[in-house]
Amino acid sequence: MPVMKGWPTVIGLVLLAVVFVVLAVLYATGTISFLASGGHKNHYSHAFLLIVLSVLSLVAANFVRPKSAS
Amino acid sequence: MNFWQAIFLGALQGSTELFPVSSLGHAVVLPALLHWNYKESDPTFLPFLVLLHLGTASALLIIFWEDWVTIASGFARAAFRGRIERPDERLAMLLVVGTVPTGAVGLVLQDPLQSLFANPRAAGAFLVGNAVILIGAEMLRRRDERRSGRSESRDLAEEHYTEISGLSFKDAALVGACQILALLPGVSRSGVTIAGGLVAGLRHQEAARFSFLLATPIIAAAGLLKVPLLIGSSVNWPAYLAGAVVAGVTAFVSAKFLIRYFRVGRLDPYAGYCAALGLLTLVLVR
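Sequences listed follow chains A and B, in order.
Quick note: the first sequence, position 61, residue 124 per my numbering, numbers continuous.
Quick note: the second sequence, position 22, residue 26 per my numbering, numbers continuous.
Note that these hints are calculated values from the structure, not bench results.
Keep in mind it's a predicted model, so treat the numbers as computed, not measured.
Misleading hints may appear alongside valid ones.
[What the hints assert, rightly or not] Derived CB-CB ranges, DEER-like: (1) A:V77 with B:W40: 50 to 56 Å; (2) A:G69 with B:V136: 40 to 46 Å; (3) A:R128 with B:V73: 39 to 45 Å.
Here a beta-carbon is modelled for each residue, glycine too, at the ideal position from N, C-alpha and C.
I would like the entire structure built from these sequences, with the hints used as guidance.
Structure, rendered in structure tokens:
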């Protein structure tokens, strides 16, 4: 079914966006700190980057979404 | 840090951030050569760096504000539509492709790499490495010009190369990825991205413009994300703010100069300067 060709990728990218948001919250609240250096508890810069990556994953999902021919 | 040191460091940051000679390398090497006694690891130095970055980013935003309005609206339109239809939308996506992966790697590797190599001798060696990158890119460009039989004047020779709009997404990603090298003190962010742009077939002036557009979000984010550190800091505010203003003014003048210079100019003089400063550091600093 050609119309469904891009949907697995779209779903994967949306799930990735959700994962990024969850990680951003965990970094911002200081629950996790791997891949972060320094003595700070809350890694807002990592959280910010993950939010950016989340938005870009959604944009990428919109790009690969099957579109009507019009 | 006294008032005049702050002014000097502001001017140094504003100019070396955009000239292809490594601001970080200079910030590590010059205090050692001048026997200044402040340390970058000092907690009071971080707010100063934040202000310098904000000053530099402001200058770039002022110079390229029309581009950034176009880029932001182009990104929003393409993102909602899910398709690129116009050159400004393509430019926005080229910048995303060039910036985000590098930003992600940089955020993870910046502190470990800079603490590992933030000593004057390492920075001196990387300055020499930066010179090799710059001269290497120019050698490749000259070879290409010779092979294509382009022996006409410099501005005519440049016409044969492309504008940013002609860059492929793969090339934009590779040019952006060059910025990872600039995490090493002594390797210049603008230097490696201009060199990468030349290898990708951009004109010198377009390579510099793409380099400055790539740098703006990263420099601005580096400053803005650390603004909370400024709150409650008991530092020499007049000196720090004066340093930031000087950094902004110097960055503004530097960017204007470089865009004009690269209409016909090459990277060679900056390669020579980096090699000389790097070697001098390796000889003088023990």
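Can you let me know if the beta-carbon spacing of V77 of chain A and W40 of chain B is within 50 to 56 Å?
52 Å, holds
Given the hint of 40 to 46 Å, is the C-beta distance from G69 of chain A to V136 of chain B inside that range or not?
44 Å, holds
Should the hint that R128 of chain A and V73 of chain B are 39 to 45 Å apart at their CB atoms be regarded as holding?
For R128 of chain A and V73 of chain B the Cβ distance comes to about 27 Å; the hint is violated.
The structure does not agree with numbered hint 3 stated previously, though it agrees with all others.
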